[in-house]
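Asks: Protein chains in written order, with the working numbering: chain A, 484 to 905; chain B, 136 to 389; chain C, 9 to 355; chain D, 498 to 799.
Just to be clear, a hint being listed does not mean it is correct.
As the list claims (entries may be wrong) - Per label pair, the in silico range of CB-to-CB distance:
#1 C/S80 / D/H725: 54 to 62 Å
#2 A/K821 / C/T219: 42 to 50 Å
#3 D/E797 / C/K126: 30 to 38 Å
#4 A/E817 / C/T219: 30 to 38 Å
#5 A/G606 / C/G294: 41 to 49 Å
#6 B/E265 / A/E813: 26 to 34 Å
#7 A/E805 / C/E96: 16 to 24 Å
#8 C/P300 / D/N718: 30 to 38 Å
#9 D/R726 / C/G294: 46 to 54 Å
#10 D/Y691 / C/E90: 37 to 45 Å
#11 D/T543 / C/E96: 57 to 65 Å
#12 D/Y691 / B/K264: 53 to 61 Å
#13 C/E96 / A/E813: 35 to 43 Å
#14 D/Y691 / C/K126: 44 to 52 Å
These aren't lab readings, by the way, just hints derived from the structure by calculation.
Each residue gets a CB set at the ideal place from its N, CA and C atoms; glycine is no exception.
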Amino acid sequence: MKVDMNIDVHHLTRVEGHGNIHINVKKGKLVDARWAVVETPRFFEAMLRGMSCEMAPILTARICGICSIGHALASLRAIENALGIDIPVIAKKIRLLAKHGETLQSHFLHLFFLAAPDYLNVGSVIPLVQSNRAVVEIALRLKRLANDMCDILAGRTTHPVSLCVGGVSRPPNKEDLHKLREQISERIPDAERTVELFKTIQVPDFIRETEYVSLKGEENYPWIGGKLVSTDGVLKNENDYLAMTNEYKEDFSTSKFTRLSRKSVAVGALARLNNNYNFLKAKDIAEEFGIKPLNHNPFMNNIAQLVECVHVMIESLELLDELLDEPMDEISSEYDIKEGEGVGAVEVPRGILYHHYLINKKGLVEKANCIIPTTQNNANIHYDLAELVEQAVNNGKQDTEVKKLCEMLVRAYDPCISCSVH
Amino acid sequence: MEYLGIELKKPKVSFFDFTCCEGCQLQIANKEDTLVDFLSLVEVVNFREISSEKKDHYEIAFIEGAISRQDEIERLEKIRKQAKLVVALGTCACYGGVNSLKKRFSVEDVVNEVYGHNPVETLPVKSVKEVVAVDFEIPGCPISKAEFESIILHLVLGTEFRFKKYPVCVECKQNLNHCLLDEGKICLGPITRAGCNAVCINGKLPCYGCRGPAEENNWPSLKQILTEKGFSPEQIDEKTSFFNSLTEVTKNES
Amino acid sequence: MLYKTISKANFKVFINEVIAGNVTIAPKMTDKDSEGNPVYQFQQVYAFDEIALNYTKTYSSLKNFFLPFKESLSTFQFDKNEWKQKIEYSIHPRVIVGVRACDINGLLKLDNVLMKGKYPSPYYVARRTNTFLIGLDHEPMADCFCQSLNSDEALHGFDLFLTDIGDKYFMQINSSKAFNLFKNVQINDIETEDEEKYIAEKKRIASLFKTRVAITGLSNLMDIEFESDVWKKWGDKCLSCGTCAMVCPTCYCFTVTESIDVSLKFALKEKVLYSCNLVDFAEVAGGHNFRPEPATRLKYRFYHQHRGFVESYDEPKCVGCNRCGIACPAGINPIDVIHDLRMEDVK
Amino acid sequence: MSYEIPRENIAAEPFMAGPPDFNRKSRLMQTDKVYECMITNIVELTDMEKLFHLKIMDPGESRLFTFRPGQFLMLELPGFGEIPISISGSSAIRERIGLCIRKAGKVTNMLHKARIGTKVGVRGPFGTHFPLERMVGHNILLIAGGLGLAPLRAPIYWVNEHRSEYADVAIMYGTKRPKDILFDYQFDMWGKIYNYDIHLIVEEPDENWKGRVGLITELFNEVDIDPHRTYAIVCGPPVMFKFVCNHLNQVGIPMDRMFVTLERRMHCGMGKCCRCMVGSTFTCVDGPVMDYWTVMNLKEAI
Ligand SMILES: Cc1cc2nc3c(=O)[nH]c(=O)nc-3n(C[C@H](O)[C@H](O)[C@H](O)COP(=O)(O)OP(=O)(O)OC[C@H]3O[C@@H](n4cnc5c(N)ncnc54)[C@H](O)[C@@H]3O)c2cc1C
Ligand code: SF4
Ligand code: SF4
Ligand code: SF4
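Taking the hints into account, I'd like the entire structure generated from these sequences.
Replies: What follows is the structure, given as structure tokens:
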């Protein structure tokens, strides 16, 4: 039987921002499969012009409510590279811990609030409060930990306050760090229960080979700065990020698309894991789920996020031990305003994020460019959709099922749409 | 529901986002300690960021974000017709927020800067009240979780919520901070409405007024203080216009 | 009062042992101002070496350890339409090290209101009686005018008071609690030489005051100059920001707020320190404001310091630390305001 | 080795365990503990004002609560706030505390939604009272504007209960509109049983209003005042008592025989929060009842 299908998801729910899915199948043949971002663009790059560079991290944090710490860090790194500032080791550790808090916050939000309802067949986390109270409580405890972590290290979860050019402006207090350490240890069993929970779900079986781009770890799983790498063997310096992204624009989407060696690339947890598997401190968990590089199932991004959560919790404990052993008097470096150009690449929850600024001798931003992970994933989502629908139709799946699969696929990328039309 | 023998209502609420970072909605999803209790106080019928349920019957519409495209204006007008109470959520919705920095340039210029030869549609940024009537405003970039919760409670209890009338300095000093003006920075705490617990200054980030003006806001005096400290009009303006929330008190002086 | 001396080395041993057994609060350097001068605050310390004993003055006063900026007055627990009120006064004992004489005098003024007043405050009494105070003499700063207000010397209100006389401290022991603590630390009797050094040091400190504020007749002047233009002059600068009252060691006025928990099972009644400079200090239901202009509010703060309090307790409320003057973003300080008020024909 | 400072338990102090007695000052007690009360009756007086009857639930606390006319209490609505309210009822009746409350803001609006049986809290009584003992043998002039009749009810009850001790008593009462008149159902009783000379006036009459129209001071044309034998009690908004007292002053009543009540913002009732300070006077402990001479000499009183 040849089927016709017209799927139109207008403003996909449980994602950050506004995006639509259009699927058109005529007589069993795919005519059109589109991922269209319809979010209103905000023009941050234009607004940055003429602003003092110290204000740039404060402004660009507002690109995204979920990964504001990541944006601030990329922005700071770009400025610090432009002005030739070396930040103190302690500040680096504090920043990384803050970022870890954000990664946990974002990943857990996605896993429990946005993705899990699909697997548990409910519309949102709200009915789970009644039906799966235990799961909701685990989710809330883990999110709470992530929130507290950001609050202690960056002053606030959304739009951080104590990350500044040169380092950090206020050190966390040791008492809080002690408590945080305890809290993380206490939450490890919750993370383990989450792993058990996700082992019971059925991840759709879907493969489309693509190119995975991320930072390249040297000694550790990479988060802030370093070389850029792809699974197709491309290796570039941070400054050459444009060669990694090659942005272009499609008419039906307000967010741009990118490509590298093939027609699309993917970034995010799965990309990081594919490129840096050996540095993972939660390899055992990855093995339990059977992810090994190279994994080409985009749905496995959810699992990669979970693996990263455990990795991040372990690494945070190590970082906290180091911080607690050191005096915290040197937290920021002095610097002079001068002309310069710099790029900052940071692995935020959804993938690699670039900020690039040209700063004039008054310290004002002359030109800015920000390339967001979701932008880099858009093309991949778009082409995945086509492939997924074709496979599903061939397997005789019906409208509702295909629609749900499509939605789940987009959600698996955890797109941050308002981010992508910054 | 009852409290002290007084009948309470359970309002149907919806959250809608426009031009913004969705950080304010996230504050609500991030209230881990009280989320479960909160969900029993109100009936959430639309909350796209975390829920697939969509319904057209709601009493209170929370509007997040500024308005910057024709389709947003239409969507907002539709919501206004449906909702009994329209609440602007966050600095973007209340004042335009950081999006207003776009106003420094022409529309063509910003579109060209970002999209080059593939122009997209955009309008000069407006706050929600510039488009439809707004019943209540909750400022903050992002909103304060505690304050939001208290506002909802007041709504449910049927009593009026009052913002603090005094400026951020009170909370700043209550947190034992050292004044940032004294550290050579521009801080707008003295003219900004308190209620955020001085969260920025606690982290040594000066206040740029995301919560809008305090009831008593002696801008001429603060401006003179800043000028005497040697800040240029451009430096001062960069801060006072950052969230577009203080223009009401700063625009008449130049 | 018992007078002894303690060597500096023994003092360090003593403090470390106090720290080991108690929550201990002492001055620490926390920030730097734009000129690079250190800024101090009272904070919990974990070792003697963290204490900045030779600090100048703390940016905020000690007040918040006795009158916290936010303090729960009571809680209410609900069960259907029933409720029960719960009140707690339990305070863990703590020690504060390095308190200046003016700050002790500030506490004595608060004692007048909150311990000896018409309705003693159990919250304050609990905090005050569970705080062990160790005072320490210091050289005045250029802007200190506590001498003018008779606050440069504390005669009581502390457990221990130290004066640096070289390699040891001259020590006043003022409570049996304090005396008990010295059972295991060596302290010495006063010798003539100690006494001489003590007197000399006291004289030296007294001679170092540079700022004087004439207080004579000031109470009446407050009344007589009630309509003075001086208030308008300074009122125009005032940001109504409350900073002055927050850092002041003796400003104690407050507001009470109640909040209900989202669970509707619990309500909190909280006292929050306020400032008479804030716009709604004297505003009543319906919006009538008895002091709508910044100038009348600023005046009221001075009026209370130098007349209202005097009428009740025969002494001004101000101790002359000039914290308000340092912290005021608008540069309003009591020295200039009082000076202005005392002159004739001020513009 | 470590030294531990011993803990002082103030809960063990003599008066900390029992209920606070607000008539006994300068005693360490649980000053913020409320007496739990039940609302036993609610009378709707106008659209804006209701009369609430409260009963202190604990008999021991009820015995402690004795007040003098003119004093006020702090009324607690848990979760909403605590407000000062004059006691508007008889000081001789223990079982019932009468409070006449106008809808004005957060707490009062909520109270207007409350039902009989709702539990509230009170602390008090606080403040000064009208010196009714001193007025024995004299004429009394009771002058109220608007809600000012609420605090006047306490001295009225007192005089009722000791009617033979006082000479002529007159009530002068003015409101904005006829529908704002409070306690009209009691006027007959006060006039006929207790022999008061009652005068009413409104500013904005409606079609049914047959009485006097104008400001309260116009009532002076109707009332004979013997300045040497008269005490005056004046309650109402500051503008009103200023005009009234000025008039009484011209008639020749000494200023220290006129009593007014002041109203200010209050958060404690105990002279601590400073919100009610006028000049250097605390309205809550040195007031609210004050003679006019004192009020005249307060800075910024009116
Ligand atoms: C001595 C005294 C006696 C009073 N007697 C009566 C009376 O018999 N009947 C009556 O209806 N009203 C009386 N009032 C006024 C009454 O206290 C206020 O109307 C009431 O506090 C308003 O509270 P709210 O929470 O409804 O208003 P809001 O405007 O919400 O007030 C918020 C808070 O401000 C404070 N506040 C506001 N207005 C006043 C005020 N006028 N006085 C003191 N505190 C205030 C209170 O702490 C209150 O909780 C009296 C006031 C005083 C000082
Ligand atoms: S100006 Fe800013 S830093 Fe200074 S007291 Fe006010 S809020 Fe705090
Ligand atoms: S100088 Fe200022 S801060 Fe110090 S006691 Fe006097 S009024 Fe208070
Ligand atoms: S600190 Fe200065 S500006 Fe602020 S209220 Fe006090 S006097 Fe006014």
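Asks: If a hint holds in the structure, say so; if it does not, say that too.
Replies: Hint check:
no.: 1; hint: C/S80 / D/H725: 54 to 62 Å; result: holds (55 Å)
no.: 2; hint: A/K821 / C/T219: 42 to 50 Å; result: holds (44 Å)
no.: 3; hint: D/E797 / C/K126: 30 to 38 Å; result: violated (23 Å)
no.: 4; hint: A/E817 / C/T219: 30 to 38 Å; result: holds (35 Å)
no.: 5; hint: A/G606 / C/G294: 41 to 49 Å; result: holds (47 Å)
no.: 6; hint: B/E265 / A/E813: 26 to 34 Å; result: violated (48 Å)
no.: 7; hint: A/E805 / C/E96: 16 to 24 Å; result: violated (39 Å)
no.: 8; hint: C/P300 / D/N718: 30 to 38 Å; result: holds (36 Å)
no.: 9; hint: D/R726 / C/G294: 46 to 54 Å; result: violated (38 Å)
no.: 10; hint: D/Y691 / C/E90: 37 to 45 Å; result: holds (41 Å)
no.: 11; hint: D/T543 / C/E96: 57 to 65 Å; result: violated (42 Å)
no.: 12; hint: D/Y691 / B/K264: 53 to 61 Å; result: holds (58 Å)
no.: 13; hint: C/E96 / A/E813: 35 to 43 Å; result: holds (41 Å)
no.: 14; hint: D/Y691 / C/K126: 44 to 52 Å; result: violated (36 Å)
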